[in-house]
Amino acid sequence: MSTLEQKSANQGCHLRVNIGGLELKNPIMPASGAFGESMEKVLDFNHLGAVLPKSITKYPRKGNDTPRVCEVPAGMINSIGIQSKGLQYYLKNIVPYYQQYDTPLIASISADSVEEFVEMADILGNNPGVDALELNISCPNLKGDGLAFGMDADVTYELTKKVRGITDVPLFNKLTPNVTRIQDIALASEEGGADALTVVNTFLAMSINVHTWKPELGNVMGGISGPGVKPIIVRMIYQVYQASKLPIIGCGGVMNGEDAIEMMLAGASAVQVGTASFIKPAAMLDVLEEIKSYMQQYGINDIYDIIGKVHFNQYEEG
Amino acid sequence: MSTLEQKSANQGCHLRVNIGGLELKNPIMPASGAFGESMEKVLDFNHLGAVLPKSITKYPRKGNDTPRVCEVPAGMINSIGIQSKGLQYYLKNIVPYYQQYDTPLIASISADSVEEFVEMADILGNNPGVDALELNISCPNLKGDGLAFGMDADVTYELTKKVRGITDVPLFNKLTPNVTRIQDIALASEEGGADALTVVNTFLAMSINVHTWKPELGNVMGGISGPGVKPIIVRMIYQVYQASKLPIIGCGGVMNGEDAIEMMLAGASAVQVGTASFIKPAAMLDVLEEIKSYMQQYGINDIYDIIGKVHFNQYEEG
Amino acid sequence: MFLEDLFLLGVRVVKDQEVKILSNIQVSERYWHMVVDASGLASDVEPGQFFYIDCGQENESFLRRPFSVYRINQDDQTLEFLYLTKGLGTQALTKLKQGETVRSFGPLGQGFSLQEDAQKILLLARGVGIATLAALAQEASKKGVQCAAILSARSHNDLLAAEMLQGFGAEVHKVTEEDGTSDVENVRDIIEDITARHNIDAAYTCGSRRLSRLLQDITSKKDIPAEIALEEHMGCAMGVCYACVCDVVEDDEIRTVRVCLEGPVFPLQKVMMQP
Amino acid sequence: MFLEDLFLLGVRVVKDQEVKILSNIQVSERYWHMVVDASGLASDVEPGQFFYIDCGQENESFLRRPFSVYRINQDDQTLEFLYLTKGLGTQALTKLKQGETVRSFGPLGQGFSLQEDAQKILLLARGVGIATLAALAQEASKKGVQCAAILSARSHNDLLAAEMLQGFGAEVHKVTEEDGTSDVENVRDIIEDITARHNIDAAYTCGSRRLSRLLQDITSKKDIPAEIALEEHMGCAMGVCYACVCDVVEDDEIRTVRVCLEGPVFPLQKVMMQP
Ligand SMILES: Cc1cc2nc3c(=O)[nH]c(=O)nc-3n(C[C@H](O)[C@H](O)[C@H](O)COP(=O)(O)OP(=O)(O)OC[C@H]3O[C@@H](n4cnc5c(N)ncnc54)[C@H](O)[C@@H]3O)c2cc1C
Ligand SMILES: Cc1cc2nc3c(=O)[nH]c(=O)nc-3n(C[C@H](O)[C@H](O)[C@H](O)COP(=O)(O)OP(=O)(O)OC[C@H]3O[C@@H](n4cnc5c(N)ncnc54)[C@H](O)[C@@H]3O)c2cc1C
Ligand SMILES: Cc1cc2nc3c(=O)[nH]c(=O)nc-3n(C[C@H](O)[C@H](O)[C@H](O)COP(=O)(O)O)c2cc1C
Ligand SMILES: Cc1cc2nc3c(=O)[nH]c(=O)nc-3n(C[C@H](O)[C@H](O)[C@H](O)COP(=O)(O)O)c2cc1C
Ligand code: FES
Ligand code: FES
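From first to last, the protein sequence lines stand for chains A, B, C and D. If you use numbering that gives the first Met the number 0, the first sequence corresponds to residues 0 to 317, in order. If you use numbering that gives the first Met the number 0, the second sequence corresponds to residues 0 to 317, in order. If you use numbering that gives the first Met the number 0, the third sequence corresponds to residues 0 to 274, in order. If you use numbering that gives the first Met the number 0, the fourth sequence corresponds to residues 0 to 274, in order.
Chain A on its own, in the form it takes in the complex:
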C-alpha cells in the first residue's frame, strides 16, 4: 500500500475538502446540537472546517422534560427535543453572529412536515449568511415512537426533491441509523437532489434506573451518541460510500484523530464531532491536530488520499 509508505519530505498537509459544492478548509466541523456561540470561549471558530449550530425549528420549542441526558457505557443518550428559539431569532441573531468568522455556516433544519422543511429551506437557503443546509430528517426525539422522515425512502425522496426545487445552496441530508437499509435512504436523497449525506444521527435508545424503576430520561427514549456506537456508523458510512456517489460527512463517536481517519477510510470526506466536545471542550481542534500528525507520520500530503481507501484482501461486497 504505497500511500502508507513514508514519503521523503512532507510539504504540508492539504486538508481542503469539497462537500457537494461547499469548500471547507479542513474536514472537521461540529455535530449539530453539540455546538454554539458560547463555545467561542474555548476555541477559535476560524480553525474549523465549518460551523453548524443546533437544528432550528420554525417556531420556538420548549424541548423535552429533564433529565435530558444520561450516561451509558462509552456514550450518552440525549433527548433535548430540539429546544429552539425559532427561525426569526435564528435569522436575527445566530446567522449574523457567525458572519464574523471566516468559516462557512451550515444551518441545520428540523421541521414537522415536508412543507415546513421547504418553507424554512427557502428562507435560510436564500439567506446570504447561510452557506449550506443540513436537513435533520432523522431526529428520533419526537413523540410517536421515534419516527423520523429519514426512515422512509419515498418520504426522503419527496422531501429532498421539494427542498431542492426551492434553493440552490448545497443540501446535506442527515440520515438516521434506525433503518433496515441505509443505502436506500442514501439513494433516495441522491435522486431527490441532495449534494451530500451526513451519516448519521443518533440511534434511538433507552436507559432505565434499576433503583427507581424510571427511565433515566424525562422523555423515556432518546438518541445514543459516543464511541460505543461508532463501529455501526463506520459500517454505514462504508455501505453508503459503496451505494451512492454523494460525498459523506461522517458523524458519531469520533473522539480523536484516529476515529476521524477511520471514518474517512470508510468513505467520509468530512467528519463531525459532537459528544467529544462534552468530554473535552476543545476536542475538535485536537482531532484536527491529530489528523495532521497522522498525515505527517505517514507522509500523506492530501487528505483525499485517505478518503474511501479502506483496503481489502479478499471479500468485496456485491
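Treat the hints as calculated values from the structure; they're not laboratory data. Please read these numbers as outputs of a predicted model, since none were measured by experiment. Among the clues, some could well be false.
Below, in silico cross-link-like pairs of lysine-lysine (BS3-like), each with a Cα-Cα straight-line distance of 30 Å or less [said to hold, decoys possible]:
id : chain 1 : residue 1 : chain 2 : residue 2
1  : C       : 96        : B       : 279
2  : C       : 94        : D       : 19
3  : D       : 85        : D       : 96
4  : C       : 96        : D       : 19
5  : C       : 94        : D       : 85
6  : A       : 40        : C       : 14
7  : D       : 94        : C       : 96
8  : C       : 96        : C       : 85
Following the hints, put chains B, C and D with the ligands in place on chain A, whose structure we already have.
Relative to the frame of chain A, chains B, C and D with the ligands by itself:
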C-alpha cells in the same frame, strides 16, 4: 411504588419463568455462540435457566477468515460465520451431551433458506433431547451485505408459520436489531406462531485499522455486541413489549445483575448473557447472584414483579 | 434584557486544564474533600461557580461531573471541593490521589451576588448543598457580612461543614432526620425566628426543592432578595447542548434557561420549582 | 481421534481468579516482565500454556489478552510473563503495580510435548515468541535436555531472553535486522549447521510465519518432530466462540481448530501456514 418498598421478610426469591411454554428455573441463559461444552470447566450448567449452544447449520461450515473478533469501546465485533460441524454431529454429540444436565436445551438453528429451517426444525424439534428451538433469523455475518431473514416482516411470517407447522416444541425467534421497526418483525413472528422472541442479535458493524488501512475482521463486517449497544436494545425490548404479547428474552450487553434487571423492567422475561462470559467466564452465575441480591435488597419475592414494570411519570407512547 | 441573553456578551476566559491534586481525602462516611492547585486558572472564581471535572473515564464514567467550589483560597491559590459519593463519577473521583492531576473545566456559570451594603445573610442548605453555600459564607466572612445558616441533613455525620461555618462566625442551626428536626415546619420556625431577631438582607439556598419552596414562600412574603443554586444533569457545561435547563418566569413569561450558563445561581423568585 | 475431540474428555480444573502481582517492570524499550503469585492455582502449568488476562477495562481494553507463561517457578510458586507493549491491552497492563492483583484465567490450552528420552532440542523464536519458548527451555534444562536456540529480533534490545537461555546452558544464536542477519536464508544456514553438528530430537517455534515455514520445510525433510505455538485473536479463550481458529491437516482433511483449546501448541507439520 410499593414493589420497591422493603418487605418485612424475604422468603426466598421465586426465579422461575415461563418462556412460551418452556419452564426455566431462573431467567439466566447463555447467548448462542458464547457457550459450549468446554465451559463445564468453569461453571455448573445445572445452575442455568437453560443451555443454548451455538447455532447449528445443516451441513458443516468452515466459518469466516480470521481475525474473527476485534475489540471496540465497550464491546466487540465478531464474524465467526457460524463455524459448525453440521446437524448430524449435533444430534450425535451435542444433544446427548446436554442430557446429563437438569437444564432445558434450547437449540439455535441457522439456515440458508426457509426450507432448510423447516427441515432442521422438523428434525431437532422432534428430538426428545431438545426442549425448545431458537430460530436465528438474524445472523448478520452471511455474505450479501449482512442481509438476514429477520429484516423482512413477510419473510419472517412465512418462515415462522412453516416451522410452526412442523413442530410443537416452543419456538423462539431471535430478532435482528438492524431494522427500521422491530415491532413489525415481532408481530410477524407472533402471527406466524412463535412462542417467544429473543431481542436481539448483533448490530452489523465494521472497524478499520488506521495503520494498515484494512478492516479489523477478515470478513470486513461483523456483529457488535457488549454493553455499548445495550441502550439501543433496552429500547427495542421496551418497544416489542408494548407491541407484542409474546414473552421476551433480552439479549445484548448484559454484564451484571443490574443490566439484567434493566432488561426485565423494560419487558424481558429472561435474559441471555454472551460477551460477558468472555470477560468473566463465570459471568452468568454472577449475574444470577446479583439478581438474587437485588431482589433481597428490595424485598421482591417473585421475579414477575419486575418484568415490564418500568414506571412512567407522564409520557406513555401510543 | 433576559437572563438567557446576558451571558453571551461578556467574554470571560474559561480554561480546560489539568490541575494538580493537593489532597483528596474522605471526611465522613459519604463525603470527600479535594484540594487542587488553582494557580494556573485564568479567571477569579466566585462563590456559586462550578467546575466540570473529568472523574476518570475508566469505570464507565464517560461524561464529566459538575462540582461547585467549596472554598476559594486566594492567598495560597488553592480551590477546595466537597463532594458526596453517589455513583460512578464521584466514586471514580475518590480514586484520584495527591500529586495526580484532574482535568477540570472552569470556572463556569454565574455565582451568587452579595450586595456591598449587606449586613446579615441567611443560608439554607440541605445535604451536600452546603458545598455550594460554604464559599459564599467564606466570602461573607471576609467582607464582614454576618451569616446565619441552617444546615439540614440525614444525620450528624453529614453535617461536617458546620464547624467551618462557625469558624467564620456564623450562627449555625442544625436539623437532621436523625433527630427528627428536619421537617419543613421546624425549619420554617427557625427561619421565622432568625428573621424576627435579625434584619436579613439576602437569603441563599441549595440542595432541597422542599426547602427552596419554603424559602421562596417566606422571602417573597418578607420581600427579602433570595438566590438559589440549582443542579441539573449536564452534557456540555458550556451552554450549547440545552441538557441542563430549568424554567424561570420573567416578565410573566416562562423561559427555559440553562443551569450551566445562565445559572447555576438564579433569583429564587424567578425559578419555577417543580412539585 | 482428532485433535478437536481430544480435549473435551479430560476435565482439568481451570480457574479465573485474582492473582497478586509480585513485580511488573519494564525490561527494555518495548518489553515488560511481570511476576505473579501462583500459589492459588488449581493445576500445574506446562510450558506453552497461557493465561487470559484482564489488563484493566479502563483505556477501552474491553476483552482480555492471552499471554503464555515465560517461566514457571515451582519452588517459590510464582509465574513469570514477558510481554511486548503493543496496543491498549498491553499498555494498560504496564499500569498495574506490585501488590495489586490481576484477573487471570488459566492455565489454558495444550502445552509443548517434550519426550522423556529427548537429548537435544532446537528452539526457533522470533520477537516476543521467546516468551513462549523460554518456559520450555527452562523445563528442558531441568530435565537435562540440551537446547540450541535461534533468537531472531528487530534489534539487540529485543533479545533480552538470550542470557536467561544461556543460563540454562543453551547454545544461543542471535540474528537481528539491526545486524542484517535475520533473513530466512541465514537462519536456514544456522539450522542446517546445528542439525549437522547435533542430533536434534525435536524442534519448536513461535513468533514468525516465515520462520515457521522454514522450520516446517527443514524438519519435514529431516523427519524431526516439531511443534509450533500459534497466536490468534481470541474471544472466550475456552473453546466456545470459535474466534481463534487455524487450519490443520489431519488424515488428508483440512480441519479448522481452536488455538485456545486444541492449541496454542500444534504439531508443526499439521498446520497450514497462511502465505
Ligand atoms: C452546578 C452544580 C454544582 C454541584 N456541586 C456539587 C458539589 O459541590 N458537591 C457534590 O457532591 N455534588 C455537587 N453537584 C452534584 C454532582 O454533580 C452529582 O452528585 C454528580 O454529578 C453525581 O455523579 P455520580 O457519577 O456520582 O452519580 P450518578 O448518579 O451515577 O450520575 C449519573 C449521571 O447523572 C448526573 N447527575 C447525577 N446527580 C446529579 C446532580 N445532582 N446534579 C447534576 N448531575 C447529576 C451525573 O453528572 C452523571 O452524568 C453539583 C451539581 C451541579 C449541577
Ligand atoms: C496463546 C498466546 C500466547 C501469547 N503470549 C504472549 C506473550 O507471552 N507475550 C506477549 O507479549 N504476547 C503474547 N501473545 C500476544 C498478545 O496476546 C498480544 O500481543 C496482545 O493481545 C496484544 O494486545 P494489545 O491490546 O496490546 O494490542 P492491540 O493490537 O490493541 O490488540 C487488539 C486486539 O487484538 C488482539 N491481538 C493483537 N495481537 C494479537 C496477537 N498477536 N495474538 C492474539 N491476539 C492479538 C488483542 O488480544 C486484542 O483483542 C500471545 C498470544 C497468544 C494467542
Ligand atoms: C445533546 C445533543 C443534542 C443534539 N442535537 C441535535 C440536533 O439538534 N440536530 C441534529 O441533527 N443532531 C443533533 N444531535 C446529534 C449529533 O449531531 C450527532 O449526530 C450525534 O451526537 C452523534 O455524534 P457524536 O457521537 O460525535 O456526538 C445531538 C446530539 C447530542 C448529544
Ligand atoms: C463470538 C460470538 C458468536 C456468536 N454466534 C452466534 C450464533 O451462532 N448464533 C446467534 O444467534 N447469535 C450469535 N451471537 C450473538 C449472541 O448470541 C448475542 O446475540 C450477542 O452477542 C449480544 O449479546 P451479548 O452482548 O451478551 O454478547 C454470537 C456472538 C458472539 C460474540
Ligand atoms: S450542559 Fe449543555 S447547555 Fe448546560
Ligand atoms: S477464543 Fe473462543 S474458541 Fe478460542
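Structure-based check of all given hints:
no. : hint         : result
1   : C/96 / B/279 : holds (29 Å)
2   : C/94 / D/19  : holds (20 Å)
3   : D/85 / D/96  : holds (19 Å)
4   : C/96 / D/19  : holds (22 Å)
5   : C/94 / D/85  : holds (27 Å)
6   : A/40 / C/14  : holds (8 Å)
7   : D/94 / C/96  : holds (15 Å)
8   : C/96 / C/85  : holds (19 Å)
Comparing the model with each numbered hint stated earlier shows that all of them hold.
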